[in-house]
Amino acid sequence: MQTVSLENSVAMIPNGASLMIGGFMAVGTPERLMDEIVRQNKRDLTVIANDTAMPGKGIGKLVAAKMLRKAIVSHIGLNPETQRQMMAGELEVQLVPQGTLIERIRAGGFGLGGILTQTGIGTPVQDGKQVVKVDGKAFLVETALRADFALVLAFVADYLGNLGYALTARNFNPVIAMAADTVIVSAQNIVPVGVISPDHVMTPAPVVDYLVTNS
Amino acid sequence: MESQIIIARRIARELKSGMLVNLGIGIPTLVANYLPEGLHIFFQSENGLIGTGPPPAEGMGHPMLTDAGGRPVTALPGACTFDSAMSFGLIRGGHLDLTVLGGLQVDQHGYLANWVIPKKMVPGMGGAMDLVSGAKRVIVAMQHTAKGVSKIVKKCTLPITAMRPVDLLVTELAVIGFPGGRATLLETGPGASASQVVAATEAELVIPDHVPEMALGHA
Chain B
1 MQTVSLENSV AMIPNGASLM IGGFMAVGTP ERLMDEIVRQ NKRDLTVIAN
51 DTAMPGKGIG KLVAAKMLRK AIVSHIGLNP ETQRQMMAGE LEVQLVPQGT
101 LIERIRAGGF GLGGILTQTG IGTPVQDGKQ VVKVDGKAFL VETALRADFA
151 LVLAFVADYL GNLGYALTAR NFNPVIAMAA DTVIVSAQNI VPVGVISPDH
201 VMTPAPVVDY LVTNS
Chain A
1 MESQIIIARR IARELKSGML VNLGIGIPTL VANYLPEGLH IFFQSENGLI
51 GTGPPPAEGM GHPMLTDAGG RPVTALPGAC TFDSAMSFGL IRGGHLDLTV
101 LGGLQVDQHG YLANWVIPKK MVPGMGGAMD LVSGAKRVIV AMQHTAKGVS
151 KIVKKCTLPI TAMRPVDLLV TELAVIGFPG GRATLLETGP GASASQVVAA
201 TEAELVIPDH VPEMALGHA
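Taken in order, these protein sequences are the chains called B and A. Residue numbering for the first sequence follows the numbering used here, beginning at 1 and increasing consecutively. Residue numbering for the second sequence follows the numbering used here, beginning at 1 and increasing consecutively.
Since the hints were derived computationally from the structure, they do not count as laboratory data. Warning: the hint list may mix true and false statements.
[Unchecked claim] Among chain B residues calculated to face chain A with C-beta under 10 Å, some are:
| no. | residue |
| --- | --- |
| 1 | Gly28 |
| 2 | Arg32 |
| 3 | Ala53 |
| 4 | Met86 |
| 5 | Thr100 |
| 6 | Glu103 |
| 7 | Ile121 |
| 8 | Ala138 |
| 9 | Phe172 |
| 10 | Met202 |
| 11 | Pro206 |
In this text, a Cβ means the ideal position worked out from N, Cα and C, and glycines have one as well.
Let the hints inform the model, and build the full structure from the sequences given.
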């Protein structure tokens, strides 16, 4: 794990990169990284996340600045701008059931090719997908997802990169931290090693590549 | 009484102590307001919380303690938090005793459509497909008609949410179950007759000889 300035952390992200971003309706999204991506004017990004939040918050900032080419998400209902860009053909949106989305990411981070699920059977979600039978029940094959970068918000990080999360800000964060080639963490509190008790480490340090320094 | 309140109070009677329950946005959220005192329910918010409590007092909210709509909530004693994989493991793994969701259409076989009106309203399915596929029991809370048109139809014209039929549908006019895959009128709403329900319903309803009026949970 290396520490990195906010500016340099986002400078690593090329245009066209795929990003997994933590957060659920912007709760648990690293806002500093969102603001810096907008400031550095990154383009053609693919975002994999629970939702596109709402205008002015979290991933909604990237949508408003037209930085996304593609969004793989479960919900866009609270962001009219995402819906407008989708309808206008400016943004490709792949809607994925929330449980399927998080399991596809988990599979990507755990070395699995995908998962089998009953969610989506008989609905438009099934289109183009393989169906397999296990013990007489039909399951959809949902393939694993990975990304170039994971942008994680932790409540607490120690100097080694062990992470803990707060309340409902955990959501996608520990799962995406396993599923990207480069893991960048923004932490609300950076503390000495040992402050987080071993039982309370939710993401182990070795999966973290960069910890953004606090200003 | 407002139709939403009738629906919420009737559904409140389906909740039993010790259940793990997920309430959707809209009418389902109101159900929590009509539970008898002393009933202990584990309410799940799919963003990662069991033990979801009412909104916080002024100035006591925490920006990282929210429900699935992103609104501030409190956590009740015994609450726990977890990531989204655990949250949907609870939902899909058969651990969730009951989910209450809103609906756009329910058809006479019990199939629910509640996530998209193609080309008009495309909010995304969020957790709805997982909830309907995975919960032990699925109850739909919705108004009987929209702009005078029955929302209980012969066959859903909107894309369905899951191949799994719902267990119970509660409207302000009726409680409808689906034994043997056929919509059956189990109870009528306050002051409504079975023939009024039939007249307001596009779906074919099985009408048993005796259909009681629904009893409501406490106000």
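Hint check: 10 Å Cβ-Cβ cutoff, alanine 138(B) to chain A: Because about 9 Å separates alanine 138(B) from the closest Cβ in chain A, which is inside the 10 Å limit, the hint holds.
Isoleucine 121(B) as chain A interface residue, shortest Cβ-Cβ below 10 Å: holds, 5 Å
Interface hint for phenylalanine 172(B), Cβ within 10 Å of any Cβ on chain A: Holds. Min distance 5 Å.
Status of the glutamate 103(B) interface restraint (C-beta, 10 Å, chain A): Because about 7 Å separates glutamate 103(B) from the closest Cβ in chain A, which is inside the 10 Å limit, the hint holds.
Chain A contact restraint on methionine 202(B) - CB to CB distance below 10 Å: Holds. Min distance 8 Å.
Agreement of hint alanine 53(B) with chain A interface, Cβ distance less than 10 Å: Nearest chain A Cβ about 8 Å off; hint holds.
Residue hint proline 206(B), partner chain A, criterion CB-CB below 10 Å: violated, 18 Å
Arginine 32(B) as chain A interface residue, shortest Cβ-Cβ below 10 Å: violated, 15 Å
Restraint check, 10 Å cut-off on beta carbons, for methionine 86(B) near chain A: Holds: closest Cβ of chain A sits about 7 Å from methionine 86(B), inside 10 Å.
Status of the threonine 100(B) interface restraint (C-beta, 10 Å, chain A): Holds. Min distance 7 Å.
Restraint outcome when glycine 28(B) is required to lie within 10 Å of chain A by C-beta distance: holds, 7 Å
Taken one by one, the earlier hints fail for this structure at numbers 2 and 11, listed in ascending order.
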